[in-house]
Each structure stands twice: as structure tokens, then as C-alpha cells.
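Engineer: As they're listed, the protein sequences go chains R and H. One point on numbering: in numbering that gives the first Met the number 0, the residue at position 219 of the first sequence is 218, and numbering is uninterrupted. One point on numbering: in numbering that gives the first Met the number 0, the residue at position 107 of the second sequence is 106, and numbering is uninterrupted.
Honestly, the hints are just simulated from the structure, not real lab data. Here a beta-carbon is modelled for each residue, glycine too, at the ideal position from N, C-alpha and C. A few of these clues could be false.
[Claimed, not checked] Distance ranges between label pairs, derived from CB positions: (1) GLU48/H / VAL122/R: 20 to 28 Å; (2) ARG169/R / ALA158/H: 52 to 60 Å; (3) VAL152/R / LEU20/H: 45 to 53 Å.
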Amino acid sequence: MTKRLLRLVPLAVLLLVAAVTSAWASHAPDRLVLEDAFCPPSLARPLGCGEAGVDLTSLLGHAVLRGALLAVTVALVGFAIGTPLGAASAMARGRLERAVERACDLVQAFPTFLLAFAVLSAVRAPGRMHLGFVFALTAWAPFARLALAQTRVLRDAAFVEAAYALGLGRTAVLFRHVVPNLLGVVAVQLGGTAAAVVVSEAALSFLGFGPRDGVSLGSVMDQGVASMLRAPHVLVAGSLSVFFTSAAMLVAGRAAARE
Amino acid sequence: MILRASRAVLVRVAEAAAVLLVLASLVFFAMRLLPGDPAALVLGDQSDEIERAALRAKLGLDQPLWLQYAHFLRGLATLDLGESLRRPGVAAMGRVRDALGPTSELAGLAVLFGAVLGVGAALLASGPWLGERRRHVDRVLVAVAATPLLAFAPVVTYALAVRVHVVPLPGDPDAGFAGLAFASALLAVPLAAQVGRVGRAALADVGRAQFLSVARAKGATNLRVWVLHALPPSAGPIVTVVATQLGALLGGAVVLERLFERAGLGSLMLEAYASRDLPVLEGAVVASGGLFVITQGIAALVHAAMDPRVRG
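Here chain H stands alone, though its shape is the one from the complex:
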């Protein structure tokens, strides 16, 4: 049993490493194999040949490709991709590390809000509290899930920040926790809708089970029946949907960082892309991929911990 479990974990880890390697190689080769001189892209068309040659030597672009690739892989493994081009003297990985914090806060809080809101909506749509009106919860969930974040986040921000002043304006340096909480709440809305839809379907499956009738017969309240008895066996689909939505969540986080002018991995990638800061761009893309792969792994573990049928 333990052997099989550890083998499954090993397969997962190997797969995650392979995904990261493919992504890292994509960034690496996209810059080097496609036509165009990266040094000219960095320095601009007006730069002279001596400057470009110096930069090529600094980036190692004058070496054979396989040697560059080996250096790059070693850099990834040792978390040292050299200096940032835009800010000489600052390690590229250091800048990535600084950006990881704000993005993790934003995404983590969004997952928390999304899960709580979504599970709440699923319980309201399945439980007896709303009576016939619970069908409306379903309709709202479908409508919200079909509304792209980009279509509503800026408008809601305009309404709440500019018209009624209940949340800080985008780009406000003193926004503090209110700004973070508002951005995460926006990011959580699509996630909550997906969690709500899947959670409702899972609860509907569990809702017919005999053990719920047993719990009711023992005199448990509705709240106890649905939250303590029905919810844990429905955790699997809910955790899985959170895991599959993580990619969209990271993409949404980049859009929101841009909207609110927040620091983070998204802003760092945009800046590195605009200024052709190769080491930082490579580091940031790989770090986001890593963040994504690791959180997916954690979701699988949470699933195993919550659902008694998976644990064994």
C-alpha cells in the first residue's frame, strides 16, 4: 500500500518536473532559435555593434547553443540565473523572489474567498433553507461562471472605488489590506461560481445517500446534516475544480495586478518582457509554472486528506 502510494507520488513529481522543464526550455529556445538578435531586441535598433557584442558575451549568446542550454539548466537548478539586465547588480532570482510574495497573498486569499463563497452557494442551492427559491442560486452561478473576469472587474472597481468610495482606488499606494482584500475578492468570483456549480452537483449526488437519512433520524439539525455529513464526501470534486481553476486564477492575478498596479509576478513578467530582461523573464515564467505545479500537488494531497474514500 505504502509502496503504491509512494510510487504515485514519484510519478507526480516526475511529471511536474517534466512540465517545468518543457516550459523553461520553451522560454529559452523561443529567445534563441527564432530569427532576430536578442541583443538588438534588448538594446534597440540604434545600438552599435560593439555594445551588442558585449551584451551577447555577457549573456553567453556567443557560445554554442548546447553550452548555453547547459548553463541555463544549471542556473535553474541552483536558482541563480545571473543578474537582471534592467537593474545591473541585482540577481534576477532575487527580483522573482520579491515578486512571489504579493502574488501568493493575492492568489491564496482568492482561493480562500472562492472556496468559502462557492461552498456556501452550493449549500444554499442544495439544502432546504431557501425552499423553491434555491433554483435562482443555480441560475446566478451559471451566469457568473459565464462572465469573464476582464468584463466585470474593471467596471465593479469603477463603481465601488470611484462612485461610492468604499474601496481604495487602483494604484493607491496606501491601499494596504483593503486593497488586497478587494482584489482577491474580485479574483475569487469566477472561482466561487465554478466551485458552486461543481459543489452543488456533488452535494446532489451525496444528498440521496442513506447515511444522511440516518443522521436525520438521529435528530441532527439541517446544518449539521449538510455541513458535517454531506460536505466531506463532496470535497473531492470541489478540491479538483479548485486545482483545475488555478491556471485561470494565475492568469486572472496578472490581469488584476495590472488593473490595480500591484507589484507581483505578473507585473514583473510584463516589465521584464517590455524591457527584454531575459534572466528575469525566464525566472519569472518558470517560478509561476512552479507555483502552479506545486499548488496542484497540494490540492491532490488535500483531497486525499479530506475524503475518507481516497485516504485508504
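The following block holds chain R by itself, in its conformation from the complex:
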């Protein structure tokens, strides 16, 4: 049990550090000090500065917090939609079950960024909400697939039969007896989905589809790539932030895993 809770530590530490650095009001990410542009790391500015003298410590702190919030929200939405959908379709069996399974196949294999291009072409300047919406369009699929597979095992179990025999309706059996029993398996996917959203958000804002204020891991990467020759510290700080945020999410997801 404690070992499983320990897996939440990296994420907690990351969020704490991000919260502390972003609370550093004197170096807010919208405060530009032009003469400090691309200054290397120093005591006053632990990660140095980026484009136009923005403080990287504070910018990355904000970017990690907002990216993590988006990722957790999308993962929870996917979880809330996918789990009942998968479980219900497996309980219904037959056509519906096969249709949901095939839909999961298609959605999971399909490139998310193409869907993003298609949907985001309607807005001039996509914000984090738009990105979250696009990710939520596909986030339910892995949850539904896991719930479906797990329900196939559970639906013939004696306690489900007993629940029917006691006169419970389909919905009651589904939510009171089946769903609680598959939560453990499905919850592990929360970490995987959250990590994928962190990376996708960074990738889309790296491509220029991010929030306009530039407070995003991908925008930092973009600055870093553009200034690779004169200020490599921007690139290194951005890359490490993307890596640690996504890894912390993956590890935290394993906290739900049964050993």
C-alpha cells in the first residue's frame, strides 16, 4: 500500500515545485526584461531567461501547472465517459459490444493531431480549452476498451448473477456491482492518458497551436529550438520539463495498480 502511494510522490513534488516557482511574483511570466533576453542561468534566475527576457523558472512553473491541470481534467473526463460506456456495451453483448470495440480501435489508432487540425481550423487562435476539447474527443477510447475487456470477465461472475436474481435492474447491476469492480484496472490508464495529453499539448503548442500567451511547455520548446545556437539552456530546460511532467503522470497512474 505505502509502496503504491510512493508513486504519487514524483507528481506531488513536481507540482509543489511548479507552484512555488510560479508564485514568484517578481518574475511573472508576462514580465519581460528586454536587456536580460536569453541570459544564462544565475542565482537570481535559476533557469535563466528566454525570449525577450521572460524568466524561465516562473514560465516553466506556470506551464507545468496549467499543462498538468489540463491533462488531469481530460483524463478524468475520458475516464468518466469511457468506463460506463465500455462496461454497458459489454453487458449488452452482441452488436453494440462489437461496435464499441471497433470504434475504440479506430479512435485509438487514428492520429490525434489530424483530428486537432480538422477541429481547430474553426478557431483563429486556439486556447487551452479548445485543445482540451480535442483531446477529450479521443480520450475515452482506452478507458472504454479496458472497461469492456474487464466486464467480459465479470459479467458471468456469480455475484452479478446473484444481483440479477435479487431483482436488481440492469443499470443498478452495472453501476453498483460491475463498475466498482473494474475501477482498479481502468484507473491505471489515467496516468497513461494524462501523460499523453501533456505531450500532445506540448507538441501542438510547439507547432503553433497553443495558447496565445505562450505559457505552455511547447512554446518554451519552440523558443529553445529557435535559439538553439545562442541559448541552449532554454531548450534543455524545456525538454526536461516535458520529460518530467509526462514521466510523473505515468508513475502516478501506477499508484492505482494492484500488485
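Fit chain H to the known structure of chain R by using the hints.
Structural biologist: For chain H alone, kept in the frame of chain R given last:
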């Protein structure tokens, strides 16, 4: 038998067509149904009403929606979506066709590198060559699979191109094949890790089979046993994982095209998006979707050709 096989192929083709149609309709309706005047998006807020009306007429935006949709579908079927808005006189589909080449090179080479590296790693992790140390191969595979392309590709590029000068700098017009090979190798790394993990699991399954003992008893070398006897029956999961990773690969290709300032479908889509070049954007999104659906179909065929149990 043949009847059932051809029915399966038909179902696949119909499904692929349906996916493409949904994607194309999404791009189409996203631009037209959501609030905001596309002509204003293209021309900017300062444009006057006469110019906007002219553009709306040129794009057919003044016609009823069902007629526009019919025109759009006919355009897709005949591969003619009209002229590019950004470069008048150039067919939108022509620009998409020009961009398909570089992206296919990049993605194709990446699949090749990824498959070879991944299968190599899987063989090293399963075969007897490394002894106890083969566990480390496993750990490396897990770590690499968990590292996003975006987190390592720019840093590796910085290290190899700026610090030690073994690969061309991003955006170097004379990069030629070295540039292509380096970009594909980066793109291949996550794919190789996935292939390695799945391949290792598949080989572990096959590794206990009796026919391998028979091959060993006949005096076959380790290399022969693992490559000739164990690998072909493990091809199914490997090809399947390549197929499921194709979506991620296309996404990665867009990121790498941007990183290396290479021409391709990704750069074309970004440019068309930024300049609101609707016909080009629609064409490019549908073409990428098509590329994806077709390569997935090819993966299914390769699987059938390699694994004797699927062929029958």
C-alpha cells in the same frame, strides 16, 4: 474461403472510406458551421466587405450548405479541390501531392529503421547472446518508450548538430540524405522501443515452443533458431504494433518537419492553417488521413503474408 477473404477486404475498404469521409466532413463543417466568417478569417479584420463577398463567391460560401458539401465531395472524388488561396493559379491538390513525397520518405525510412532496431533489440533481449545482461535491454526499452519524442529529439539534435557537428544543422538546405536519415532515425526511436517491447513478449511466447527444440536438436545455430524459426511466427504482434503506432508516427513527422524545417505534409498543413488556405488545408488533412488508412491496410496484408497461421 476466397469469398470470406474478399468480404473481409471489402469491409476493411468500406471502413477506411468511412473514416476518411468523417475526417473530411469534420474539416469541411468545422470551417462553415462554427461562428465566424471564413472570408474574414482569410482576409483579416481590416478587409472591406466587397473583397470578402468576392472571396465568398469564389469559395462558393454564398451557396446553400448542402450544395457546397456536394461540390466538396465531388472535388475529393476527382482529386480537384480548386486553387490554392495563398498561391493563386496553383491547384491545391498539386501542392498536397508535392508535399506527400518528402513526408512518405521520412515516415517510410523511420518505419524501416524502427522495425530493424526494434526487432534487433527484441532478439537481444530474448536470445542467449547477452546472458544475464539481457534484462538491461528490457529496462532501456521501457525507459525509451516512456520518453516523448518532443523531449529528446531537439536536445539530441542540439548535441549532435551544434556540439559535435556529425549531422547537418536543422534547416540546412544542403542537408540531403544525411538530414533525411537523421530525422528518420529520431522518428524511429519511439517506434523501435514499442516494437522491441512487443517483439520481446512475442518471442518469449514462441521461445517455449517445441519446434525450436526440434531445430536445436537438428544442430541449428542460435542465430538460425531465433531469426529463421522464432521470428516469423512472432511477426503478427510486431506488424500490428507498427500499424497502431503509425498515427503517432505521422504526428511525430509533423513535429520533426517543423524542427528540421523540412518540406512535407506537416509543414504544408501548418502553412495552410496559418494563412487560412482552405482548399489546401482540406486536401492535406484528407491526404494524411488517406496515407494513414492505406498504410494500416498494407500492415494487415504484410501480417497475413508473413505469419503462416493467418495466411490460410
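Engineer: Could you tell me which of the numbered hints above are not met by this structure, giving the numbers in increasing order?
Structural biologist: 3
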